[in-house]
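Asker: Based on these hints, arrange chain B on the given structure of chain A.
From first to last, the protein sequence lines stand for chains A and B.
In terms of the UniProt record's numbering, the first sequence opens at residue 1 and continues consecutively.
In terms of the UniProt record's numbering, the second sequence opens at residue 1 and continues consecutively.
Read the hints as simulated data drawn from the structure, not as lab findings.
A hint or two may mislead.
One copy or any two copies: either way a pair holds, since identical chains are not told apart in the list.
[What the hints assert, rightly or not] Subject to a maximum C-alpha distance of 20 Å in a straight line, what follows is the list of computed EDC-like cross-link-like pairs (lysine to aspartate or glutamate):
no.: 1; residue 1: 248; residue 2: 57
no.: 2; residue 1: 86; residue 2: 363
no.: 3; residue 1: 248; residue 2: 486
no.: 4; residue 1: 82; residue 2: 363
no.: 5; residue 1: 317; residue 2: 125
no.: 6; residue 1: 82; residue 2: 125
no.: 7; residue 1: 234; residue 2: 253
Bear in mind the structure is a predicted one, so any value in this text is a computation, not a measurement.
Protein chains: 2
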Amino acid sequence: MGALDAGCFEEELENGVGLEEDVAEIGWESGMTDSESESARAIEDAVRVLLQGLGEDPEREGLRRTPHRVAKAFREGTRGYKQKVKDIVQGALFPEAGLETGTGHAGGAGGLVVVRNINLFSYCESCLLPFSIQCHVGYVPSGRRVVGLSKLSRVADVFSKRLQDPQRLANEICSALHNSIKPAGVAVALHCWHIQFPEALPCNSNSTYPSKLDMQGWIQVLVSSSSGVLKEEKSSLWDDFLALLKLKSINIERGDTNLYSASSWCPSRVLETSLCNGHCARSPKNGKTSKTGVTHASMMAAVASILHSLGEDPSRKELVRTPHHYVQWLMNSRSSNLDLRLNGLSKANSCNVVDGNFTCLNEIQSVLNIPFCSQCEHHLLPFHGVVHIGYLDKQEGKCIERSVLQSVVHSFACKLQVQERLTRQIAEAVYSIFNIGVIVVVEAHHLCMISRGIEKVGSNTATIAVLGQFSTDAKAKGLFLQTIADNNASEG
Amino acid sequence: MGALDAGCFEEELENGVGLEEDVAEIGWESGMTDSESESARAIEDAVRVLLQGLGEDPEREGLRRTPHRVAKAFREGTRGYKQKVKDIVQGALFPEAGLETGTGHAGGAGGLVVVRNINLFSYCESCLLPFSIQCHVGYVPSGRRVVGLSKLSRVADVFSKRLQDPQRLANEICSALHNSIKPAGVAVALHCWHIQFPEALPCNSNSTYPSKLDMQGWIQVLVSSSSGVLKEEKSSLWDDFLALLKLKSINIERGDTNLYSASSWCPSRVLETSLCNGHCARSPKNGKTSKTGVTHASMMAAVASILHSLGEDPSRKELVRTPHHYVQWLMNSRSSNLDLRLNGLSKANSCNVVDGNFTCLNEIQSVLNIPFCSQCEHHLLPFHGVVHIGYLDKQEGKCIERSVLQSVVHSFACKLQVQERLTRQIAEAVYSIFNIGVIVVVEAHHLCMISRGIEKVGSNTATIAVLGQFSTDAKAKGLFLQTIADNNASEG
Chain A
1 MGALDAGCFE EELENGVGLE EDVAEIGWES GMTDSESESA RAIEDAVRVL
51 LQGLGEDPER EGLRRTPHRV AKAFREGTRG YKQKVKDIVQ GALFPEAGLE
101 TGTGHAGGAG GLVVVRNINL FSYCESCLLP FSIQCHVGYV PSGRRVVGLS
151 KLSRVADVFS KRLQDPQRLA NEICSALHNS IKPAGVAVAL HCWHIQFPEA
201 LPCNSNSTYP SKLDMQGWIQ VLVSSSSGVL KEEKSSLWDD FLALLKLKSI
251 NIERGDTNLY SASSWCPSRV LETSLCNGHC ARSPKNGKTS KTGVTHASMM
301 AAVASILHSL GEDPSRKELV RTPHHYVQWL MNSRSSNLDL RLNGLSKANS
351 CNVVDGNFTC LNEIQSVLNI PFCSQCEHHL LPFHGVVHIG YLDKQEGKCI
401 ERSVLQSVVH SFACKLQVQE RLTRQIAEAV YSIFNIGVIV VVEAHHLCMI
451 SRGIEKVGSN TATIAVLGQF STDAKAKGLF LQTIADNNAS EG
Chain B
1 MGALDAGCFE EELENGVGLE EDVAEIGWES GMTDSESESA RAIEDAVRVL
51 LQGLGEDPER EGLRRTPHRV AKAFREGTRG YKQKVKDIVQ GALFPEAGLE
101 TGTGHAGGAG GLVVVRNINL FSYCESCLLP FSIQCHVGYV PSGRRVVGLS
151 KLSRVADVFS KRLQDPQRLA NEICSALHNS IKPAGVAVAL HCWHIQFPEA
201 LPCNSNSTYP SKLDMQGWIQ VLVSSSSGVL KEEKSSLWDD FLALLKLKSI
251 NIERGDTNLY SASSWCPSRV LETSLCNGHC ARSPKNGKTS KTGVTHASMM
301 AAVASILHSL GEDPSRKELV RTPHHYVQWL MNSRSSNLDL RLNGLSKANS
351 CNVVDGNFTC LNEIQSVLNI PFCSQCEHHL LPFHGVVHIG YLDKQEGKCI
401 ERSVLQSVVH SFACKLQVQE RLTRQIAEAV YSIFNIGVIV VVEAHHLCMI
451 SRGIEKVGSN TATIAVLGQF STDAKAKGLF LQTIADNNAS EG
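If we strip away everything but chain A, and leave its shape as in the complex, we get:
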C-alpha cells in the first residue's frame, strides 16, 4: 500500500529546489508602517496556530510560506478599509451639459447611466471565505455633472474589499455613490455566489454538490439598493434600470431582490443550526486537542486575532461566531490517516454495475465529472471542480463502482492540497488498489487565482496523471480525453 502513504512523497527532496526568499511576495512589505508590520506578523502567527490545529507541520516546504501568503491575501482582501471614496471620485467628476430643460431627463448628459457585469470578490464576514459578485450599478446624473465610468467600478471595489454581507455591501456602494456624485439617484444590484460547505451537503454519494465546473450548487442571492429618483418602490426609472440589465441577459424582475434573508446566506450559519440538532457533527468541541497539541479554543482565538489585526472588532455582532465558522471550514481539511479512510476499499468493490454514468469505449471505462472541493495549501483557499477517471478494464464487464471512486477522490481532497498532488494521489490509489492502468484528469477553479492578487476570473486549471498502459499508449489517452470533451459538449 506504499502508494497510499502520502507521507513518503513529501520527504525533503534531495535535489533541493532552491526555495530562496520570495522577493516578489516580500515586496509588499517594504512600504508598511510599524503597526502594519506588527499586524501582518500577528496574522502569520495565527495562521501557524491554525495549521498546527489541522495536524500539519507549518515548517514543511509547501506550508513554510503559507502564513505569509494568507496574511497577504487577507490584507489585500480587506484593503477597502483604508480607501476613501472621496479620493477616488473627486477628481473624476466632469461637467457635462444635460438635455434641454423640460424635454428630457435629469440635469446630466441624458438619462440613466448603467455599468453592467462588474466582477468583484468580497470576504464573507460570517466565515471569512471569499464570495463572488456580479455587480451592476446605475445612476441618473444631476447638477450637470457625470462621473468617469471606471469610478463606478472602483467605488464598488472599495466596499467589496472588506468583510461583508451582500445586502450591506449593496447599501454601502449605493450610499457612497449617492453622497460623492450627488446624482438624482443611484441603483445597485448584486448577484452573489457563496461556495457550499461540504458537510452541509447530504452525506451520500448522490450529493447535490456542483457536478460542473461552474458555480452550480453554490448558494446564490440577489440583493439591491437604490436612492433618489431610482428608489425601487416608486420609480419607473428602476424599471428602466432592470430593462437595461435585461439587454445583457441579466434577468432580474421587480421584487426579486427582496427574497434575500441574511440568515440563510452563509452556509456556516445554516450548518451551525443543523449541527446544534446533532446532525453530521464533525468539528471537535472546544477543549478537544489535535494531535499537535493545539486546542480548538486556541484555533478560535487565532481567528479572532486575525479579525483584530485586520482592524475589525471581533465582538461586533456579525463577527462573534466567525472564528467558529472559519475553524469549522478549515477542519474539513484536517490531516488524517488516509490508510484508515481507504481501508474499506479493495478489489471487492470491483463488481458489475448498471450505471448510466459509465461510457463503454472498447476497453476504456470512463467515470466522468466526480465533483470535489479541496483546500489550497499555499493560500488556505478552496479550489473546486471535477475529476475524470479512466481505466483499462481487464475483465470485460467488470467495473469499479462510481461511489468507490468518489470515496477515493473525497479522501484525497479532504486535506490541504495542491492540484498536481491530488491528481497524482488519485491515480496512484486507483492503480495500487485495483492494479489497472489509469488516467486521471482534474479540472478546477482556484479561488486563490481569482479572488486575490492577479484576479484572473475565469481561469481554470487542468492536470493529468497517467499510470500503467496509459503512459505508453498515446492513442488510449487521446480517446479518453476525447470522451470527456464529447461528454462536456453533449451537456452543453
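Answerer: Then chain B, alone, in the frame of chain A:
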C-alpha cells in the same frame, strides 16, 4: 440647428463642479524616481501636442487631465519592462514528488499542468492600441518541482505589459517559463483580438463593422509557442495540451497556429498598404497643419517621444512606422464641424422604406444595433458598441432611413467623446432634425475600463437619453427597451 452645435453644450458650467486635484490619480507618482517623473512629464507634453493636432483645446475641462491619464495608462501598460520573471517564480517553486519512476509521466507530480482562459491585455507595437488576449499555458513538471499556479498567469502578464506582437509574446512567455521553472516542456497558445480601424472598412453603410457588442469583426489571430517535450512538431503531449483546452470548448487544431502572418495582424499596416494605393485616404500628409497650428510631423514626433519615454527605441524596426499608425488612428477623432457633416440631413431623408431592420410596433419605430466606434476623451482609448434609436412616427408609414441614422451616429462618434454626451447628442440631433420624440440607448465596451487600472473585463456600459413624448410616456419607453431585449434574445 442649436442642438447640433456641440460647442454650446461644452461651455464652462456656472455651478462649478469642483475639479479638485485628483488625489487617487496623483498617488501613483509619489513613489517615482526623478527620471520616472521626467518620463511621465514628457509623455504628458506629447499628449498635449496630440490633442492640439486633433484640433482640441487641452485646457477644456474634459481634457485637462487627459495627458496625465494617458501617461499613466501607457506606463501601467508597459510596466512589464521593469518586472523580472526570476523574482516572480523563484519563491514559488515547490518540491512535489512525481509518479513512480517508469510507470508515469515526468518527474513532477504527474503529467501536464494547464491553466486555461487567462485574460490579458497588451499594447500593439504597431499602433499603440491595446489588444485583448485569451492565454492558455501548460507545462510538464520535471526535477520533482512544480510552480505555484498563479505564477503562470503572472509571468504571462509580465510580457503582455510591453509593446508586443502576438507571436513574440507567445515566444517570450514560453521561453521565460522554460528558463525559470526548468520543466520538461512548456506550451503556450494565445488567441488575440485587435480592434478594427474604422477607415479600413468599406465606406458604405452596410459595413462589416461589428454589429454586436462582442468582438465580432475584430481581427483575430491564434499563435503558439512550445519547448522541450511539448514541442509541437513531434509531440503527442502537444495533442494532450490541445485536448485539455478542448474540455473548455477552446477548439484549436494542430497546425491552426501556423496560419498567422505578422504583416496582416495590425490593421494599421493593412491600411497603410491600401492608403499607398490611394484608397480612402483621410490622414493629412506630413507638413499639413491642423487648425491649432500643430503639424502632422510634430504629432509624429510626439509619439516617438512617448516611445522613448517608455524605454523603447523608436528606431527599432517594428516601431519605425508606429508614430504614423497611432496618429492615423487618432485622426479618426479629429475635431470637425458637425454642421457641415450633417448638412445633407433633413426631413427630405424621411421617406418610405422597405427595410428588414425596421420593427413596426404601434407608433414606435425602432432602428437597432447601429455599430459605432468612438474615442474616450479621458484616456484616448476606443469605446465601441451599438446604438439603438426609437422614435414616434407621426405619419404612419413614414420612416427615417437606417443609413441616415447611421450617418448621425457616425458624425458624433468620430471625435473625442464620452458615452453620456454621445447619447445626448444623437438624441438631440434626431429630435431637432426630424422634430419627433426620440429615445436613444447606447451600449458600449470601454477599453479604458477593461485594459487598464481596475481591468474589469466583461463590464459594459449602457446609457439612455429621451426627448419629446418618450420623456413623459414611461410605457412607450418600456416598450422600446423590451423591443431591444427581444431582438437581442432572438439573435442569441
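Asker: Work down the list of hints and note, for each, if the structure agrees.
Answerer: Cross-check of the supplied hints:
1. When the C-alpha separation of residue 248 and residue 57 is checked against a cutoff of 20 Å, the pair qualifies neither within a copy, at 49 Å, nor between copies, at 37 Å.
2. Proximity of residue 86 and residue 363 under a CA criterion of 20 Å is satisfied in neither setting, with 66 Å inside one chain copy and 46 Å between copies.
3. In this homomeric assembly, residue 248 and residue 486 come within 20 Å of each other (Cα to Cα) only across copies, at 11 Å, whereas the closest approach inside a single copy is 29 Å.
4. When the C-alpha separation of residue 82 and residue 363 is checked against a cutoff of 20 Å, the pair qualifies neither within a copy, at 60 Å, nor between copies, at 53 Å.
5. Proximity of residue 317 and residue 125 under a CA criterion of 20 Å is satisfied intra-copy only: 11 Å inside one chain copy versus 55 Å between copies.
6. For the identical chains of this complex, residue 82 and residue 125 are intra-copy neighbours only, at 17 Å inside a copy versus 37 Å across copies, given an alpha-carbon limit of 20 Å.
7. In this homomeric assembly, residue 234 and residue 253 come within 20 Å of each other (Cα to Cα) only inside a single copy, at 15 Å, whereas the closest approach across copies is 55 Å.
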